[in-house]
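There are 2 protein chains.
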Amino acid sequence: MTQITNDIEYPGDLRNTRSLFTIAVDIGGSLAKVVYSPEGSDRLIFEAMETELIDEFVRLLHSIIEHHNGGSQKSAQVIATGGGAYKFYDLLKKEFPDVKCISRQDEMECLIRGLDFFIHEIPEEVFTYNDIDGEHIVVPEHAKIYPYMLVNIGSGVSILKVDAPNKFTRVGGSSLGGGTLWGLLSLITGAKTYDEMLSWAHRGDNTNVDTLVGDIYGTGYDKIGLKPTSIASSFGKVFQRGAHLPHAGAIADGTAVNETTDDSELTCTSEILTRNKKFNRADISKSLLYAVSNNIGQIAYLQAKVHNVPNIYFGGSYIRGHLTTMNTLSYAINFWSQGQKQAFFLRHEGYLGAMGAFLTAQETST
Amino acid sequence: MTQITNDIEYPGDLRNTRSLFTIAVDIGGSLAKVVYSPEGSDRLIFEAMETELIDEFVRLLHSIIEHHNGGSQKSAQVIATGGGAYKFYDLLKKEFPDVKCISRQDEMECLIRGLDFFIHEIPEEVFTYNDIDGEHIVVPEHAKIYPYMLVNIGSGVSILKVDAPNKFTRVGGSSLGGGTLWGLLSLITGAKTYDEMLSWAHRGDNTNVDTLVGDIYGTGYDKIGLKPTSIASSFGKVFQRGAHLPHAGAIADGTAVNETTDDSELTCTSEILTRNKKFNRADISKSLLYAVSNNIGQIAYLQAKVHNVPNIYFGGSYIRGHLTTMNTLSYAINFWSQGQKQAFFLRHEGYLGAMGAFLTAQETST
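Residue numbers (the numbering used here), protein chains in the order written: chain V, 28 to 393; chain S, 28 to 393.
Treat the hints as calculated values from the structure; they're not laboratory data.
If you're wondering where the values come from, they're calculated on a predicted model, not measured in any experiment.
Certain hints may be false.
Stated by the list, open to error - Straight-line distance between alpha carbons at most 30 Å, and here's what the computed DSBU-like set of lysine-lysine pairs gives:
1) V/K332 with V/K194
2) S/K254 with V/K194
3) S/K171 with V/K332
4) V/K250 with S/K120
5) V/K254 with S/K120
6) S/K332 with V/K332
7) S/K219 with V/K219
Unchecked claim - To give an idea of the interface, some chain S residues facing chain V are shown, with a C-beta separation under 8 Å as derived from the structure:
8) K114
9) I215
10) Q325
Even for Gly, the Cβ is constructed at its ideal location relative to N, Cα and C.
Same shape as in the complex, but just chain V (with noise of 0.2 Å):
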C-alpha cells in the first residue's frame, strides 16, 4: 500500500530551474521512498510502499512518469539512494532503459542534504513534541544550527554529527532499530503492518510484562535515583516457569505435539500464552516500542555528550508521526541530559535522504 505524506510548496529559488523531469528514490531495507514534482507544478510529493514490493514501486514509478511527465522516459531522470540503489540498479536499468540517466547518490550525504533542506527551506517542518508540552513549531534560529546531531532510524539506525552543510561524520549506529521492532513484534503478535501494532502499543500497559523498579525493590531506589515505576527489565515478567511446564508442547485443542530439541521447529508458545491469557499483544507492542525507542534516546544522548552537540534531530521512517514514540525519545533525551540536550523531529522524517537526492539531481541537471 502506499503511503502518502503531506506535499509541500517548493521554494522559489528552486523552481523552474529544472532541464529533467526528476524521480528521486530512496530504497532502504523496509520502505523504498519517492520525492517527485510534476511538470508544471510548484510542489514537492512524497510516497513510500515497503521495499519488499519492489515490483510495485517500479509500477509506481512508471505511473508518476506515465501521469506527470507525459510518459516520456527521454525528458527523465532517476536519482536513487539508500541501499537498495546498489543492489536493484539492475532492476532499474532494465525498467527505465529511455531515460536520460540513472544515478547513484551516496546515502548518507542524501540524509543530510536533505535535513539541511527542510530545517532551513521549509516552514513549520520542525517540531518538538512530548505528552506534556504537547507538540511546538521550532523556527531554527540560522546561526546556531549547527553542530547538530541526526539520529535516522530506518531497519537500522544511523547517527550522523553535522557541522556545516555538507559536512559530516557518521559517528555511530545501532542494529536494533525499526527492522527490530517491526520484525520481533510480528513473530510474537502476528501484527501484519506496523501501523497495526503502532496502535496496539498505543493502548497497551507495558507494566504487565516489564519488571519496574518496585517490582524488585517493593519502593524506588531513592539512593540512586531510581523511580518505583522506572522500567529495570523489559520483558522482565515474561519468563515464567509455570507457562512453559509441563505442557509446553501443547497446542490449543489439546494435542500434545513432540517436545523436540530440533532446532528447525519453534514451539507454540504463543498459544500457550493465549490459553494462559497471560500477556497480550498491546503490552508486548508497547513494551517493545518503549525498550527500542528508550535505548536509541540513550545511544544518541551518549553520542551527542561524547561529542559535545546540544541538538538532536530524529529521522527516519520508525517515527511515522507515532506520539508515544516522539514522547519516549524526548524523555529520553530530557531525562539523561538532564534537561540540556533538545530532541528535535520533523514533518518528513521518513524522506530526508529522498529529498537530498532530489536535490542533488537539481543541482546537477541544471
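With chain V held as given, fit chain S onto it using these hints.
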C-alpha cells in the same frame, strides 16, 4: 535447580575473624544468590537459583544452617542485598526468627565491595576473552585498577564508575538486559531454561534473521567503514508479508482460528513459522543474544568514553561464562573504542553483590 559455582579459598587475613556464621544473600529480579563459608572451613561456597522459587531458596538457606552451622540460628546472621532484600524481608524475618540479625545492605555498595575483593584478593579471577585469542588470566596491576567501570548485567543493566574503594557513582543503565533476552526468547522459542537458550544461541546462525549491510547494499558501505557482514538491523529479515497473509490465524492441523483484533489474545505466529520452516530457534536465539550483548557493549563503551575510564568489568548473571556472549561484549568494546578500552570478565561474575554483603557482615560482626 540450584546452581553451584566454583568455591574459592578464603584469603588468610579474613579467616577466623568470625564470631557469627554468616549467610549472605543477593536476591535479584531473576536470580537469588547465596555465599557462605562452612564452619571450620577455609572455603567460600557460592550457590544460586531462580528468585521465583523463593520458597525453595529459603529451604536452601535452612539446609545451609542445618548442615554447616549445626542447625543453630542463634549463632548465625543473614545479610541480604538486592531488591529482594526489601521485597522478601518479612519472609526472611518469619523463616529465621532466631538468627542474631537480618540486615539489609545497599546493593550498589555490595556490588563494588565484592568486585574490589575479587579483583584484589582472588588469584585467576579476572580474565579477558575473545574467539581469536581465547581466554587470558589477568593479574591487575594494583596501581592501575582505578578508575574502572562495572557493567552489571542481571535482569537489567547497571553501570557504575568506581574511582577508589567505596567511592563510586551509578552513571547509567539499561532496561535491555538478561530479563529481556530470557523473556523474549521464552516467548518466541519456548526455551525452558536460560542455559538451553544459550546452547541454541551457540550453534545458531543469526544471518538467517538479521539484515546485514550486504543484504541492503549488495556489498559493504566502504565510505563509512561498514563491512558487508555487519548487522544493519537485528531481526530485519523476520517481517515477511507472506508469512502473515492470508492464513495468519491457522494452526498446524489446518483448523482456522478466529483472526481477531481483540488484544487479549496472541495469534499463534510461531506455529506459522513452524510450517514455513523459515526461522528456527537457534538462529533467533543467536540474533537476540548478539543484539542485547552488542547493545550493552556499545552503551558501556560510550559511558566509559564520557567518563574517561579505560577498563570495563562485566559482572552479573547474564554472562555465565558463555563464550559467544563474552566474545560479543569484547568485540563491541574493541570495535567502538578502536582498541583503546578493554573488557574484563570474572569467574564469580554473578556473585559480586552477595560477596560484598558477606564481607560487610564480616567487618561489622568482628
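Against the structure, the hints:
1. V/K332 with V/K194: Given that 30 Å is the threshold and the Cα spacing comes to 19 Å, the pair holds.
2. S/K254 with V/K194: holds (23 Å)
3. S/K171 with V/K332: Measuring from Cα to Cα gives roughly 26 Å; hence the hint holds.
4. V/K250 with S/K120: Measuring from Cα to Cα gives roughly 24 Å; hence the hint holds.
5. V/K254 with S/K120: Roughly 26 Å separates the two Cα atoms, so the pair holds.
6. S/K332 with V/K332: holds (10 Å)
7. S/K219 with V/K219: holds (28 Å)
8. K114: OK, holds: S/K114 within 8 Å of chain V, min 5 Å.
9. I215: This hint holds: S/I215 lies near chain V, its Cβ roughly 6 Å from the closest one there, short of 8 Å.
10. Q325: Holds: closest Cβ of chain V sits about 7 Å from S/Q325, inside 8 Å.
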